[in-house]
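S.K.: Sequence:
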Amino acid sequence: INYLLDLCEEIGLYVLAAPGPYICAETQAGGFPIWLAAMRDIRLRHMRTNFWKTYDPEFMKYCVEYFENILPILGRHQITNGQGGCVLGLQIENESFQHVFHYPIGLHDDMRVLAKTARDCGITVPLFTNDGFEEGSFIVKDDPKRKKKDFGVDLYGFDKYVVFTPNSEPTSWVVGRDPSYLQEWDPSTVVKELEKMEKKVRSFGHANKRTPIFIPELQGGWFNHYGIKYTYDAIYRFYGDDYTRLMLDTVFSQGCTMLNFYMFYGGTNWGTIGDPDVYTSYDYSACIRENGLMSGRLRNLRKGLLFLQSFSDIMVRTDAVLSSKLQSVRSSLDKTISLQRRSLVSSDTHGPVELTFLRNFSPQKVDCFDLFALSKAGNVVTRLSCNLAYKASFIALGNYTTINPNIHLVLSATPIHIRAYSGSERKKKEVWIATLAEFGATEMASADDKDVKVVTIPEGAKHAHVVLSSAVTGVEVDEASFNPELHIIFLDKATLSTLYCYYDNRHSDDTSKAAVAASQPKIVTWGSYNAYYNPHTKILTADSIESQTELHVLTFGQDSFPHPLQGETIYGPKLAHQVFPLKANGTTTTNLQNWEIRRTDFGALPWQDCPRKSKGSKWFKNVQLDYHFTSGHILYRGKFMTRERDVKDGSTTAPKPREVWLKFNMRHRITAFVNGVAIGSHMVYSRTLLSPGAKVGHDPITFGGHKFLVPPQALSAGITQLGAEAGYRVQEHEIILVIDSVGLSRMPFVIDDVRNPRGLLSANVQGKSVVKNSETWQVTGVDVRNLDMVHSSTGFPDEHQKHGWNSTPSRPHVDPNQGGVHWWRTHFEGPPGALSGSGVTLPGDQSVTAHIPLCLRIEGEFSAMIILNNVLVGRYFGSDSPQHDFYMMDGLVHKAGSGQLNELKLMIY
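To convert, note that position 626 of the sequence shown is 626 in our numbering; the numbers rise steadily by one, no gaps.
The set of hints was computed from the structure by calculation and includes no laboratory data.
None of these values were measured; they are calculated from a predicted model.
Virtual Cβ for every residue (Gly too), placed ideally from N, Cα, C.
A few of these clues could be false.
[What the hints assert, rightly or not] Dumping the calculated BS3-like pairs for lysine-lysine here, alpha-carbon to alpha-carbon at most 30 Å: (1) 618 x 707; (2) 493 x 583; (3) 376 x 450; (4) 229 x 209; (5) 200 x 325; (6) 325 x 199.
[Stated by the list, open to error] What follows is a set of in silico ranges between Cβ atoms, one per label pair, in the way DEER data are often shown: (7) 532 x 611: 54 to 62 Å; (8) 6 x 618: 50 to 58 Å; (9) 557 x 345: 36 to 44 Å.
Please model the complete structure; the sequences and the hints are all you need to start from.
M.R.: Structure follows, in C-alpha cells:
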C-alpha cells in the first residue's frame with residue numbers, strides 16, 4: 001500500500017482511500033478474512049439476519065484492530081500533513097445504508113466507532129461514506145435537537161449506477177432472462193435516475209445544503225456473470241463509446257463537483273478472489289480494458305475531463321437555470337438540452353459564464369441540429385449548426401470573455417476541450433483546442449462591442465487554426481497596441497481521440513498557486529496512442545500503433561523541458577508547437593511447445609473424514625467454509641460396496657448389473673468420477689433470487705439436488721472383494737467428486753449471504769445392489785489459513801508437486817478415455833519487453849512501446865485452471881462462463897534476457 005501511494009504521489013494522482021473494513025467490489029466475503037467469516041458466532045457487518053443488524057462488539061473489535069494496522073500507512077500520505085501527499089479523503093465502510101425507503105437498517109455505533117478509530121490513528125482528511133443511492137445516510141445534522149445517538153460523517157457521498165445490462169437489472173433478480181438477451185438501453189432511464197439528483201440531495205437539509213455533491217462510485221460500465229452467452233466486448237458495445245462521458249456531463253449538470261468512476265480500470269479477478277457474481281475477467285467494459293488498452297470510451301471521457309480541468313475556475317460553483325424560459329440557448333431538436341448552469345465565481349460586465357449541457361436523446365436519433373443563442377429578452381442573437389451523435393453529450397461554453405475583454409464568446413456549438421495561456425504578460429495568448437464537426441460546418445459565435453460574428457470551419461477539414469484579435473481600448477502602452485490574441489486549434493474527432501494534456505496538479509500548501517496550476521496545462525500532445533510527461537525528469541514519453549507517424553507537442557511555460565524546443569511549426573512562431581516522428585517497433589509472438597503432463601493421484605492426497613449431521617442423514621455436518629477450503633476446489637472421496645450375482649455355472653456372461661445412482665446436492669460445479677471413469681458434470685448456479693445456487697441472497701439449500709447414473713463400465717472397474725459369498729460378486733467402488741466453488745457471497749447492502757454453504761451438502765448412493773451402510777465419505781482441499789494469499793490456490797493439495805512429470809508430444813486436451821485430473825506444463829521465453837507498437841521519448845531517442853500483454857485462448861467443453869509462474873491467473877469453465885481469453889500481464893512475465901524462463905501450467909479435467 002505504501003508503494004502504491006508513493007507511485008500516486010510521483011505521477012500526480014489523488015487518492016480517495018476506501019479501506020473498508022467491508023469493501024464489496026464483487027470479492028469473496030466482501031473482502032473480509034476467510035478465518036473471520038468462518039467464526040460463525042461473529043455477526044459480520046453486524047448482520048443478525050437478512051435486512052436486520054444488531055451491533056456486535058466482538059466483530060467491531062476485529063474491525064478496530066484492522067484499522068489500527070492499515071490507517072497509519074494511509075495517514076503518512078494525507079495531503080493535510082503539509083508535505084505533499086495524495087490522500088484526499090477516507091471512506092468509512094461501503095454502501096452501509098442508514099435507512100432504505102425509510103426502513104432503518106444502519107447502525108450509528110458502527111460508523112461512530114470506525115470514525116473515532118480513524119481519528120485516533122491520525123487520519124485528518126475528511127471522512128465520508130457512500131450510500132448505495134441517494135438516501136441521506138449519516139449526514140451531519142445542524143439541528144441541536146437531533147438525537148444524541150445520531151452520527152454524521154464529514155462528507156455525504158452516494159453511488160450512482162444508472163443503466164444495467166438486461167441480465168443484471170433488478171427485475172432479472174426475480175424473473176430470469178435469456179442469457180443471450182442484450183438490447184439497446186433506453187435514454188429515459190438516464191433521465192429518470194439523474195434529472196432530479198441535485199434537488200433530492202439538497203432536500204436532505206443540514207450540511208447537505210452546502211457541501212459538494214459527491215459521488216464516490218459513478219458507473220463506468222458493468223460486470224458480467226457465469227452462464228451468460230455474451231462477453232465483455234458485447235457489454236462494451238451495449239453501453240457504447242460515449243456512455244461514461246454522458247454520465248460525467250449529466251451529473252455535472254446536476255451540480256456534482258466530486259466523483260470517482262467505478263470502474264475506470266476493472267482488470268482481473270486474480271486467483272479466486274471474485275465472488276459468485278463474476279468470473280476471472282473483471283474487464284467491466286471500462287475505459288481501460290482488462291488488457292490495459294485504452295478504449296474509445298476513455299478517449300471520449302478524457303476530452304470531457306480536460307474541459308472540466310481547463311475551466312475548473314468556472315465549474316467549481318454553479319447554479320442551475322431551472323426554467324427553460326430563462327435559459328439563453330434553445331435547440332431546434334427536442335431532448336438535446338439537458339440543463340443550463342451559470343457560474344457563481346466567474347462573471348464580468350456580460351454576466352456569469354453559461355454552461356449549456358447538451359445531450360442527444362432525440363427520438364429521431366439524428367446527429368445534426370441548430371442551436372439558438374438568445375438575448376435576455378428572449379430574442380435570437382445567432383443561430384449555430386451543432387453536430388452531436390445520438391446518446392452523446394458535451395458542455396457548450398457561452399457568455400465567456402477571454403483575456404482580451406473585446407473578444408467575447410457568445411456560444412460555442414462545438415466542444416472546447418482545452419484552455420491554456422501562452423506568452424509573456426504583455427503578449428499573452430489564450431489558446432483553445434476544439435472539435436471539428438463530423439458532419440456539417442463547425443461553428444461558434446463571438447461578439448465585440450459592435451456585433452456578433454460566427455467563426456465557421458467548412459465540412460471536411462482535418463484541422464484549422466483561427467486567430468481572433470482585437471485592440472484593447474483605453475490601455476496606454478509604449479510599445480505596439482496591447483492586443484491579446486485568442487488562438488483556436490480545431491482538430492478532427494480521430495485526432496482528438498489521441499489528445500493528451502499534462503496539468504501540474506501536485507498538491508501545494510499555497511492554495512492560490514494550486515488553483516492557478518490546476519487550470520493551466522504545461523504540455524498538450526496529439527497524434528500518438530498515448531503520452532506521459534514525468535515532471536521530475538522532464539521527459540515526455542509517447543507510444544503509438546503502426547498507423548501513427550507524427551507526434552504534435554504544444555508547450556506552455558519555460559520549465560516544461562530542460563532544453564527549449566526548436567523548429568518551425570504549421571502554426572507559425574506564435575505558439576510553441578513542434579512535430580516529432582514516431583518510429584515503429586516489431587511484434588513478438590510466443591510459441592508454446594515441449595509440454596509435460598502428470599496426473600493427480602487421488603489416493604495420495606491427505607484425506608480426512610467427512611461426518612454427517614446425524615446418523616442416517618444424507619446431509620454433511622461441515623461445508624467448505626468450516627474446513628477453510630475456500631479457494632477453488634474442494635475434493636470428496638466416497639466409497640461404497642455393491643453385491644451382484646456372479647456368473648452361473650456353465651454360463652459365459654454375468655447377469656446385467658442393476659442400476660446404481662449417485663444422488664447429491666452441492667454448490668457450485670461438480671465433475672464426478674467412479675472408479676476413474678467420468679460419469680457426469682453439473683452446475684448449480686442462478687442469477688435470480690431465492691433459487692438454488694443464487695449468486696446473491698438466500699440460497700434454498702434443500703433444493704438444487706441432482707443425480708448421476710453410474711454407467712456399467714464404471715461399476716465393472718470396481719475392486720472385487722475376495723472371499724465373498726458364493727454365487728455373488730462383491731465389489732468396492734471409489735467416487736471422486738471434484739467440486740469447484742465460485743466463491744463466498746459478498747453480503748451486499750443488508751443481505752446476509754456470506755455463509756451460504758459451498759461444496760458437497762449431501763450425497764448418497766442408491767441402487768438395489770448397493771450394500772447397506774457401506775457408504776463412507778472423506779474430504780480434502782487446501783486450508784487457506786496456511787497461504788500468504790488466501791485466494792491463490794486451485795484447492796488441489798498436489799498443485800505444487802514437483803515429481804511425476806512426463807514429456808508428451810501432445811498439446812493440452814481432454815482425453816475422454818482417460819478419467820481424472822491432468823496437469824500440463826511448458827516453459828517459454830518471454831517477449832523482449834512490452835509487445836507491439838512504436839514510440840518516441842523526448843528529449844533523447846529511447847523507444848518505448850504500447851503495452852499489449854500475452855493472451856492465452858482456450859476452447860472446449862472442459863475445466864481448466866491457469867497458473868503462470870506459480871500465480872493462479874484464471875479459471876476456465878467451458879460453456880458455463882463466457883470467458884475464453886486469459887491475459888498474462890507484463891508484471892507476471894519474465895522478459896527475454898532476464899535469465900528466467902516462464903512456466904505455464906494448466907490443470908484440466
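S.K.: Of the numbered hints stated previously, which ones are contradicted by the structure, given in increasing order?
M.R.: As far as the earlier hints go, 4, 9 are violated by this structure, in ascending order.
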